[in-house]
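Just so you know, the sequences run in chain order B and G. Under my numbering, think of the first position of the first sequence as 1, with each following residue one higher. Under my numbering, think of the first position of the second sequence as 309, with each following residue one higher.
Wrong hints could be hidden among the right ones.
[Stated by the list, open to error] Sample of chain B residues at the chain G side, in silico, Cβ under 8 Å:
(1) TYR240
(2) GLY243
(3) VAL246
(4) LEU260
(5) MET273
(6) SER280
(7) PRO284
The hints are simulated quantities; they were obtained by calculation from the structure and are not laboratory data. All C-beta atoms in this analysis are idealised placements derived from N, C-alpha and C, irrespective of residue type, glycine included.
There are 2 protein chains.
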Amino acid sequence: MNDERVQAALTGLQAQLCAAFEGEENGRRFARDSWERDGQQGALSGHGVTALLEGGEVFERAGVALSIVGGTQMPPAATARNPQLAGRPFRAMGVSVVTHPRNPGVPTSHLNVRFFGAGDVWWFGGGFDLTPYLPFEEDVVLWHQAAAAACRPFSPELYAHARAHCDEYFYLKHRAEARGIGGIFYDDLHDHSAPIALPWQQCLELMQSVATHYRDAYVRIVQRRRETPYGERERSYQLYRRGRYVEFNLVFDRGTLFGLQSGGRTDAILMSMPPEVRWSYRSPDPELDGRLLPWLTTLRGRDWLTHA
Amino acid sequence: MNDERVQAALTGLQAQLCAAFEGEENGRRFARDSWERDGQQGALSGHGVTALLEGGEVFERAGVALSIVGGTQMPPAATARNPQLAGRPFRAMGVSVVTHPRNPGVPTSHLNVRFFGAGDVWWFGGGFDLTPYLPFEEDVVLWHQAAAAACRPFSPELYAHARAHCDEYFYLKHRAEARGIGGIFYDDLHDHSAPIALPWQQCLELMQSVATHYRDAYVRIVQRRRETPYGERERSYQLYRRGRYVEFNLVFDRGTLFGLQSGGRTDAILMSMPPEVRWSYRSPDPELDGRLLPWLTTLRGRDWLTHA
């Protein structure tokens, strides 16, 4: 019964997010691919809608995926931390968003909100992060203030906690680089989690707050940067930096690896991949690296909330 | 002492392979990046030469990397299977090759030969595989006959064994697709390994045989296919299929993951990445997929040695 309320909220969020991105395009719409799967051969059963906009004026690729999977018996791998869940029916659902804009002045963005329920055991997770190619400090201020505002009604400590977790999670250890300017990331949030616990109803409202604050902040940044002048130089650099996004998602991202290993719908899992990417042995533009990378390092730990 | 003989052989192979690829270019040469590293903070010490040709007429990117790493004490992770090695000095060395040709008619190729030595414990590994974008059956015949010829002087069973291992290793489980037409792949080969064992000297000669047969077969295929007529359609398909190469190397390849996790030289480890790649939600060309993918499936298990 509670699961249905989360599902309804996620369905609404997917529609709102697609509408917000379509509002920035000149008529280009999301294509919606509905899917359903019965859980044969150990795969989870489920259904969902993968909404994708490719080849837009603003968004070279934007994906907004809703998925609801579940089963009558928890798989053993999922119950290692919670052996009391073994054999129980469960449901896992979420909305994932990745945008790859065309203009190198517009950052790549990512949102995920998710819910897991198995009877009286449940938790929520979510967050958003931003990956710019060119440094604009006022976007960092806007982004982190939105992140803090999304969390503030629910817990005074949540933003700081989720911001630190985000910085840690989206760090590319093999490159010794942050993926971007961070944001928030929380997991396993429930009514007796530590250090922060929230009642079920507040977790649901937080999920909606996170998604709508992401939407409004990101659309504002898109509007600010969509006319950024650029040439082949910035475009090349963007394609090269997108390689880092691929490396992170394929080497480190838990959701991507779990999806690929558990035999999910690969094209949908990999909608996070950029539409076009380049690799080169050395950075093609040390000067643009010199503007971006040290700047990303200086952002960590700075206080964005008391910023003018 | 024996380690030095392997190192000398690998150094020679790197030079031969670079010369062979340069012979197909119109003056473009490999850039050689020599590196040396002392093993601080748990990293392995080592040295090597990363040879890379980027932006060639035939090769959009070709990398031929020699690396020799080692230490005075085996790291614990490396001794799980062989606890008697804990704390011993060791050396690991190899040559890795990946080529990404420009013309979609020319397949991507991969070679790796490697040696591990820790006193009286040692093993060799190696192999090569080929990833075409357009199907040419006579290239499959040439490739597998070269693979068999590389192995034949050393063991009557090695080719069949290494071919099966290659098919298994280079299978993209998340896509239910073979990476290409296969070849050979062997690992942990030493003088009492099962089912195939070879004395040290023969292992060394096999290593050289594998590399030179790869070189000659691949150069022949390059010469056959380098003038293949193509247009934007075949180019787009090639860029899309290159995404599979990225997915395999970042999600499944043990060497890549070990390198990234152990803090190696990331740009050198990722020289296997294609210079330019595209992803899309659905295949951009189901007709070209229809020519390539069922064909790849029919190749598995076919006998290429009695082929006319």
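Consistency of the hints with the structure:
1. Interface restraint check: TYR240(B) against chain G, minimum CB-CB distance 10 Å, threshold 8 Å, status violated.
2. The restraint placing GLY243(B) at the interface with chain G holds, with a minimum CB-CB distance near 7 Å, inside the 8 Å limit.
3. The criterion of a C-beta within 8 Å of any C-beta in chain G is met by VAL246(B), whose closest approach is roughly 6 Å, and the hint holds.
4. Checking LEU260(B) against chain G: minimum C-beta separation of about 4 Å stays under 8 Å; hint holds.
5. Using the Cβ-Cβ criterion of 8 Å, the hint placing MET273(B) at the interface with chain G is satisfied: the shortest such distance is roughly 4 Å.
6. Interface restraint check for SER280(B): the shortest CB-CB distance to chain G comes to about 7 Å, inside 8 Å, so the restraint holds.
7. Violation of the interface hint for PRO284(B) is found here, the shortest Cβ-Cβ separation to chain G being roughly 10 Å, above the 8 Å cut-off.
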